[in-house]
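Trainee: Start from the sequences, fold in the hints, and give me the full structure.
Number of protein chains: 2
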Amino acid sequence: MQLLKDRIIKDGRVLSENILKVDSFLNHQIDVKLLNEIGKEFKKIFNDVEVTKILTAEVSGISIAVIAAQYFNVPVVFAKKTESVNLDKETYEGNVYSYTKKKQYKIRVSKNYISKDDKILILDDFLANGEAIKGLNEIITNAKATLVGTGVVIEKSYQPGKKILEDMGIEVKALASIKSMTDGNIVFCKTKK
Amino acid sequence: MQLLKDRIIKDGRVLSENILKVDSFLNHQIDVKLLNEIGKEFKKIFNDVEVTKILTAEVSGISIAVIAAQYFNVPVVFAKKTESVNLDKETYEGNVYSYTKKKQYKIRVSKNYISKDDKILILDDFLANGEAIKGLNEIITNAKATLVGTGVVIEKSYQPGKKILEDMGIEVKALASIKSMTDGNIVFCKTKK
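Protein chains in written order, with the numbering used here: chain S, 1 to 193; chain G, 194 to 386.
Honestly, I wouldn't trust all of these hints.
Chain G is faced by these chain S residues, among others (derived, beta-carbon under 7 Å) [stated by the list, open to error]:
1. 3
2. 34
3. 63
4. 70
5. 75
6. 147
Pairs of lysine-lysine residues, derived as DSS-like cross-links and limited to a Cα-Cα distance of at most 25 Å, are as follows [what the hints assert, rightly or not]:
7. 106(S) with 294(G)
8. 233(G) with 103(S)
9. 296(G) with 89(S)
10. 226(G) with 116(S)
11. 294(G) with 81(S)
12. 81(S) with 296(G)
13. 21(S) with 304(G)
14. 226(G) with 119(S)
15. 33(S) with 309(G)
16. 89(S) with 214(G)
17. 33(S) with 89(S)
18. 44(S) with 226(G)
19. 236(G) with 33(S)
20. 214(G) with 383(G)
21. 102(S) with 299(G)
22. 226(G) with 111(S)
23. 233(G) with 43(S)
24. 236(G) with 40(S)
25. 203(G) with 89(S)
26. 21(S) with 274(G)
27. 21(S) with 299(G)
28. 299(G) with 103(S)
29. 116(S) with 101(S)
30. 163(S) with 179(S)
31. 226(G) with 101(S)
32. 236(G) with 81(S)
Anything over 10 Å on all C-beta distances counts as not near chain G; from chain S, calculated [stated by the list, open to error]:
33. 33
34. 35
35. 41
36. 88
37. 97
38. 165
39. 187
Don't read these hints as lab results, they were simulated from the structure. Beta carbons: idealized from backbone N, C-alpha and C, even for Gly.
Mentor: Next up, the structure:
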């Protein structure tokens, strides 16, 4: 998605070989117009897929999922990270390892909002180590629902997640796929995703 | 907003006199169509106000803010609760007391994404004790920006927040204003907000 790649080059900040900061337009300040184009692009990619629900994880997946959901005409469910007093006791859980915090945590979806008949599209902001998507997939498996597609805005294809998920049979569609960020230079993969 | 009130009566669950659960359509599973109507309603209410940015707090304000932002044509900034490694060191802070967790925490916005020239509309899901809005207002004050309006989807007018904010000169517009939830019965305020 050229518009997105241009924006990453213009406003993304490479903090290290693995950390790309896009918080001026994607996950702290949000450019809602860009997000609309992102939503349309996901709809194009998954146009032939029957989707009953979009699943994401808090926090930074939420804005992407709700804007995209407008093009799919389906509800969004976001998995919660914390045990809220207001969250139902009956939940489907997934495990996520945080490399930044160096610990495992659980994400949860109330059993009321995902059922075995659901055909679920996972959307998220980044694919790096694949942990969030693995956790979301675990929730889908526990609910006996069906994963029908997985999309991320930005993929860092040189980090382990892409391969790990592929080995699990999960193909991730990325709107921008980064090949390397050596010395602060962002190089995109040439193959169209 | 009648559509919202009808939905609250239909799908809201009163867990106690102070806790209304709306996670089937607002803050766990999200009915994006309803959210669009909510966004339009906020635009109607704040139509005469010049807004350069919508500010909210993670987590449950995000979906509301981004959908509404489409009608205002402005970016969204959401205040973060955690000290992320990816968050800028230079931030404006606000203090929020959590009654459920019985402790104070900080919310933060990078200084890059709010400036003294910004005219800010705060949007959030609930007004109960007013803590989140107080914290967001503190961020706006610290940034020397201008608060031009405050909107919430649901206000529980019998809890202290409404009065506390009014005393600070902050008028909150609520799309549904609840007068009481005694014995599980939701009673809305009659006055149009």
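Trainee: Decide, hint by hint, whether the structure agrees.
Mentor: Do the hints match the structure? See the list:
no.: 1; hint: 3; in the structure: violated, 16 Å
no.: 2; hint: 34; in the structure: violated, 9 Å
no.: 3; hint: 63; in the structure: holds, 4 Å
no.: 4; hint: 70; in the structure: holds, 6 Å
no.: 5; hint: 75; in the structure: holds, 5 Å
no.: 6; hint: 147; in the structure: violated, 18 Å
no.: 7; hint: 106(S) with 294(G); in the structure: holds, 19 Å
no.: 8; hint: 233(G) with 103(S); in the structure: violated, 41 Å
no.: 9; hint: 296(G) with 89(S); in the structure: holds, 23 Å
no.: 10; hint: 226(G) with 116(S); in the structure: holds, 23 Å
no.: 11; hint: 294(G) with 81(S); in the structure: holds, 15 Å
no.: 12; hint: 81(S) with 296(G); in the structure: holds, 19 Å
no.: 13; hint: 21(S) with 304(G); in the structure: holds, 15 Å
no.: 14; hint: 226(G) with 119(S); in the structure: holds, 19 Å
no.: 15; hint: 33(S) with 309(G); in the structure: holds, 23 Å
no.: 16; hint: 89(S) with 214(G); in the structure: holds, 13 Å
no.: 17; hint: 33(S) with 89(S); in the structure: violated, 37 Å
no.: 18; hint: 44(S) with 226(G); in the structure: holds, 20 Å
no.: 19; hint: 236(G) with 33(S); in the structure: holds, 17 Å
no.: 20; hint: 214(G) with 383(G); in the structure: holds, 22 Å
no.: 21; hint: 102(S) with 299(G); in the structure: holds, 22 Å
no.: 22; hint: 226(G) with 111(S); in the structure: holds, 22 Å
no.: 23; hint: 233(G) with 43(S); in the structure: holds, 23 Å
no.: 24; hint: 236(G) with 40(S); in the structure: holds, 23 Å
no.: 25; hint: 203(G) with 89(S); in the structure: holds, 21 Å
no.: 26; hint: 21(S) with 274(G); in the structure: holds, 18 Å
no.: 27; hint: 21(S) with 299(G); in the structure: holds, 22 Å
no.: 28; hint: 299(G) with 103(S); in the structure: holds, 22 Å
no.: 29; hint: 116(S) with 101(S); in the structure: violated, 33 Å
no.: 30; hint: 163(S) with 179(S); in the structure: holds, 13 Å
no.: 31; hint: 226(G) with 101(S); in the structure: violated, 36 Å
no.: 32; hint: 236(G) with 81(S); in the structure: violated, 31 Å
no.: 33; hint: 33; in the structure: violated, 8 Å
no.: 34; hint: 35; in the structure: violated, 7 Å
no.: 35; hint: 41; in the structure: holds, 17 Å
no.: 36; hint: 88; in the structure: violated, 8 Å
no.: 37; hint: 97; in the structure: holds, 15 Å
no.: 38; hint: 165; in the structure: holds, 22 Å
no.: 39; hint: 187; in the structure: holds, 21 Å
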